[in-house]
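Residue numbers (numbering that gives the first Met the number 0), protein chains in the order written: chain A, 0 to 456; chain B, 0 to 456.
FYI, nobody ran anything at the bench for these hints, they're computed from the structure. Everything hinted at is true.
Since the list gives no way to pick one copy over another, a pair counts as held whenever it fits inside one copy or between any two copies.
Calculated lysine-lysine pairs in the DSSO-like style (CA-CA distance at most 27 Å, straight line):
no., residue 1, residue 2
1, K151, K207
2, K207, K404
3, K207, K234
4, K151, K250
5, K213, K291
6, K132, K250
7, K211, K151
8, K112, K132
9, K12, K203
10, K203, K404
11, K237, K211
12, K207, K227
13, K112, K238
2 protein chains.
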Amino acid sequence: MNYEYLFNIIHDKDRVRFGKNIEEKYLSDGLKRVKGVADILVFPLTTEEVSDVMKFAYENNISVTPRGAGTGLVGATISTTCGIILDLSLMNKIVELDEDNLTITVEPGILLKNLQAYVEERELFYPPDPGEKDASIGGNISTNAGGMRAVKYGVTRDYVRGLEVVLANGDIMNLGGKVIKDSSGLDLKDLIIGSEGTLAIVTKAILKLIPKPKKSISALISFESLHKGIDAVIKIIKKNANPTAIEFVEKDVIQNAEKYLNLKFPDIKGQAFLLLTFDGDEELEIESNYNKVREVTLESGAIDFILLNKKEDIDRTWQIRGALVTAIEAVSEQEPIDIVVPINKTADFISYTKVAEKKFGIKIKSFGHAGDGNVHLCVIRDGMEEEEWNEKSHLLLKALYNKGKELQGLPSGEHGIGLNKKPYFLEVTDRVNIEYMRKIKKVFDEKGILNPNKLYE
Amino acid sequence: MNYEYLFNIIHDKDRVRFGKNIEEKYLSDGLKRVKGVADILVFPLTTEEVSDVMKFAYENNISVTPRGAGTGLVGATISTTCGIILDLSLMNKIVELDEDNLTITVEPGILLKNLQAYVEERELFYPPDPGEKDASIGGNISTNAGGMRAVKYGVTRDYVRGLEVVLANGDIMNLGGKVIKDSSGLDLKDLIIGSEGTLAIVTKAILKLIPKPKKSISALISFESLHKGIDAVIKIIKKNANPTAIEFVEKDVIQNAEKYLNLKFPDIKGQAFLLLTFDGDEELEIESNYNKVREVTLESGAIDFILLNKKEDIDRTWQIRGALVTAIEAVSEQEPIDIVVPINKTADFISYTKVAEKKFGIKIKSFGHAGDGNVHLCVIRDGMEEEEWNEKSHLLLKALYNKGKELQGLPSGEHGIGLNKKPYFLEVTDRVNIEYMRKIKKVFDEKGILNPNKLYE
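Construct the entire structure; sequences and hints are all you get.
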């Protein structure tokens, strides 16, 4: 294939890299394990450039793999065929802040942390808060990223008011807008959100903002076992205490992160912890909410309830929470899983992981979003030989995904499916659903050039 | 066509009606204006019956028009071709209340008012609150119905966790579930929501509930003009006062409804009103919220601010609000419009309706959901001769929809498109969007038998 034509589209030579000049990081993702292949890497600056690249690819049947900041955990951004990698990280501008309609229009390459900082400086708030702050918004939209604050505020999907996307054939499509309600034809916008770049390329997003809550405090609650902690979660939710986040974690996972960061977790007795935040404008409202939680958790067997209201304590504690995975990865390769189950099945699912650990002889660490049944598992290699690891971990993962299904769960709550989870996703998803996903893929991309081989393909 | 085969599916003769035995109400909708045609009307009781009817229709190329309670306002449930009307009103059972996961699983025929009453008796709450309480949940899902409480709580889409649907070929598909987060493949669930029965037939829905707020009060704020009232809305929203509803209405529209109901609106000076509600568990939280609103509206020129905290005052006031359309219809035929614009364009849009009234010589009454830019217009016939009305109202509607588009709005915020708005929807929607809607239609219904001729077709 003669890619020279691309210089007619991307005039700046720095924004086009061929074959061996493509740095390794652009061929992989956040896990840095699988290494893809590609002929050429381009960095468009405008929607028109994206459109022109797609027209060229469409006419010449060249596959295109879009990527943002490369922090994904499922291989969705790894180019599996020769062709073009379309890196959107330079399209990272804030197009418009609309303080009347409380929306911000951004390009897809802007990093979550930069977006959050920009709006918070202006007393506004973008609630979705995935752990990875170096992710791009385009990536967040493509995986429908969730995060800590989903209990109160919902996930990325809930904050996408409008999208501009480039289709496989280069056409540009606008979906939604600044309006709040929409009953005007088929909901193509939500079809694109979470489609991991398999249907279209997001080139602009109109995001919903809210006024920034004036106050935020955290509470740490300890239990003698994880089971007791998880049992308390349903009671918390029924109390209408409106927590922003409800995270769960066990002591050994915390200790590992303490060691890694050389930071001290608050001094509290117990084997398992719930970490909550509450936010709002009124001290009294927050107080009433955490008092409801204090009461209901102590009633249901909590050992201790500590309020964290100093900024440094809150920051340190959440810093440790944020480093759980990295701390595990510092010790061993791990396979991240984010199966989601109905909240009242969370404890059953975690219990099963203890059974599975023994059965398959592989360690599993669990923690995550107790407030929405989104359990994060780290399946830990711990130096196991490659062949044994591949075989055993595959069987273990298969068992975990099937258990998730048995408990009426779904394979991914926020990371997406990509390449890594595709076999498990295909195994636990009804055939008719896969069939319709494939048919819809054909509608958007009949030549199969857009991020091929991912998810449902 | 020999429909006798249907007796092998629907064994109860009472649930099958032929040609002339089909009562008129099943051939029309909430507007009672257009009268459709149909060969046969069936009332299935189970998903299997729906599936078997669809298999029969699919094999024999018979069109099927699904309907619920028949309260729609856009003709989406009117059968336009000979064929089958599939009335889901007998599938109205509550399948399961899950108090741990705060979900309720229902059949599509259950009426909104019955669902609301059922959960509220149990101290739970289903927040979507469209004006029409006699609508079915299946209908609400099919139009992505909005309603009064959307400002705080969102619309129907936000409360649909899972769906069971029957496809055009009779296949049954399950989407979503009781899980809260979902990043597991293409979002087919949201594609079905709001598709007005053109892609699939909803046979079961898992809905999200929340704990019932313990307290609710309303506030009535008056202004010397509608423009001043609408201007205050943005300030209210920026204040983070978390109102449940923000409705706007002018004095003459209220007076008309007062006369119609023989009820008295609260005694307040001014030409235009904002009617708000606040709910929550804590008196103090509610108080803090309405005080923010009081302050900001009085600062921005409100004449008066009245708190309604007696149940009878609240009920009476909202009863009048609920009867605005009916009261107008008692006087004249009207064309209901629910164009949605960005909140800060609401005043511009309403101003344009005043210009359009004069230009086209047709009266327009406006009121609606100020908190989300969803303006309800009643375009009033007022005894105009049919030919003149058809011609003039069409030109007026075309102008209104184009103005909505110019203001970055969409044709429908909550009623849907159906049959009545199709020409305007097609006029103001980008061709590429329509093209993809039609292609997706073909994926779900390649024979075009499911609710044909509607929306984007």
